[in-house]
Every structure is written in C-alpha cells, then in structure tokens.
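Undergrad: One point on numbering: in this note's numbering, the residue at position 42 of the sequence shown is 42, and numbering is uninterrupted.
To be clear, the hints were calculated from the coordinates, so they are not data collected in a lab. Just so it is clear, CB atoms sit at the ideal spot from N, CA and C, and this is done for glycine as well. Errors might be hidden in some of the hints.
[Unchecked claim] Taking lysine to aspartate or glutamate pairs in the EDC-like style, the calculated list, with each CA pair at most 20 angstroms apart, reads:
#1 K15 with D68
#2 K38 with D55
#3 K26 with E49
#4 K12 with D55
#5 K26 with E56
#6 K14 with D68
#7 K15 with E44
#8 K17 with D68
#9 K17 with E44
#10 K26 with D55
#11 K14 with E49
#12 K17 with E49
#13 K53 with E25
#14 K29 with E44
#15 K29 with D55
#16 K29 with E56
#17 K29 with E49
[Claimed, not checked] Here are the simulated distance ranges between beta carbons:
#18 S46 with G10: 30 to 36 angstroms
#19 K53 with R11: 38 to 44 angstroms
#20 D68 with P24: 36 to 42 angstroms
#21 K29 with E49: 14 to 20 angstroms
#22 A40 with K12: 19 to 25 angstroms
#23 Y64 with E25: 17 to 23 angstroms
#24 P42 with K14: 33 to 39 angstroms
#25 K29 with V67: 25 to 31 angstroms
#26 R11 with G52: 38 to 44 angstroms
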Amino acid sequence: DDKNTPENPGRKPKKVKLILIGSPEKVWKTIIALYGLKYAYPNEWSTPEPTGKPDEIMTFLIRYFYVD
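The task is simple: from the sequences and hints, build the whole structure.
TA: Take a look at the structure:
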C-alpha cells in the first residue's frame with residue numbers, strides 16, 4: 001500500500017496500532033475521549049470482542065503517520 005503523494009514524495013507512512021482492553025464502559029469512555037480530542041471517530045474502532053475475562057472487551061484502531 002504505497003501512499004506517495006506530492007506532499008510526501010518517496011515517503012511511506014508508519015502503521016500504529018492502538019488497543020483498548022477493559023470493561024465495556026471504560027473502553028467506550030476512552031473512545032469518546034479520543035473522539036473529543038479529534039483523534040478518531042468512534043466508528044473507526046474495530047467491533048469490540050470479548051477477551052475471555054469477565055466484563056472485559058478488546059478493540060483496536062490502526063492509524064498511519066509520516067515519521068521523520
């Protein structure tokens with residue numbers, strides 16, 4: 001997936017994975033807080049999945065950044 005643009009000739013973005021693990025309430029509050037900081041829309045996160053522990057879920061978000 002080559003994302004060369006006129007603004008970033010020859011540069012490739014670096015992939016960053018954010019993972020949230022916790023109670024459904026805490027995970028949702030964190031997603032909303034990150035949305036409030038204009039980091040990511042809530043619908044950009046993966047569908048929450050159970051971790052196998054009681055009252056615990058996991059979700060992730062993948063972002064691409066240009067790093068010098």
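Undergrad: Give a verdict on every hint.
TA: The hints, checked one at a time:
no.	hint	in the structure
1	K15 with D68	holds, 14 angstroms
2	K38 with D55	violated, 28 angstroms
3	K26 with E49	holds, 14 angstroms
4	K12 with D55	violated, 39 angstroms
5	K26 with E56	holds, 10 angstroms
6	K14 with D68	holds, 10 angstroms
7	K15 with E44	holds, 15 angstroms
8	K17 with D68	holds, 18 angstroms
9	K17 with E44	holds, 12 angstroms
10	K26 with D55	holds, 10 angstroms
11	K14 with E49	violated, 25 angstroms
12	K17 with E49	holds, 16 angstroms
13	K53 with E25	holds, 15 angstroms
14	K29 with E44	holds, 15 angstroms
15	K29 with D55	holds, 15 angstroms
16	K29 with E56	holds, 14 angstroms
17	K29 with E49	holds, 16 angstroms
18	S46 with G10: 30 to 36 angstroms	holds, 31 angstroms
19	K53 with R11: 38 to 44 angstroms	holds, 40 angstroms
20	D68 with P24: 36 to 42 angstroms	holds, 38 angstroms
21	K29 with E49: 14 to 20 angstroms	holds, 18 angstroms
22	A40 with K12: 19 to 25 angstroms	holds, 21 angstroms
23	Y64 with E25: 17 to 23 angstroms	violated, 29 angstroms
24	P42 with K14: 33 to 39 angstroms	violated, 24 angstroms
25	K29 with V67: 25 to 31 angstroms	holds, 29 angstroms
26	R11 with G52: 38 to 44 angstroms	holds, 40 angstroms
In summary, the numbered hints that this structure violates are 2, 4, 11, 23, 24.
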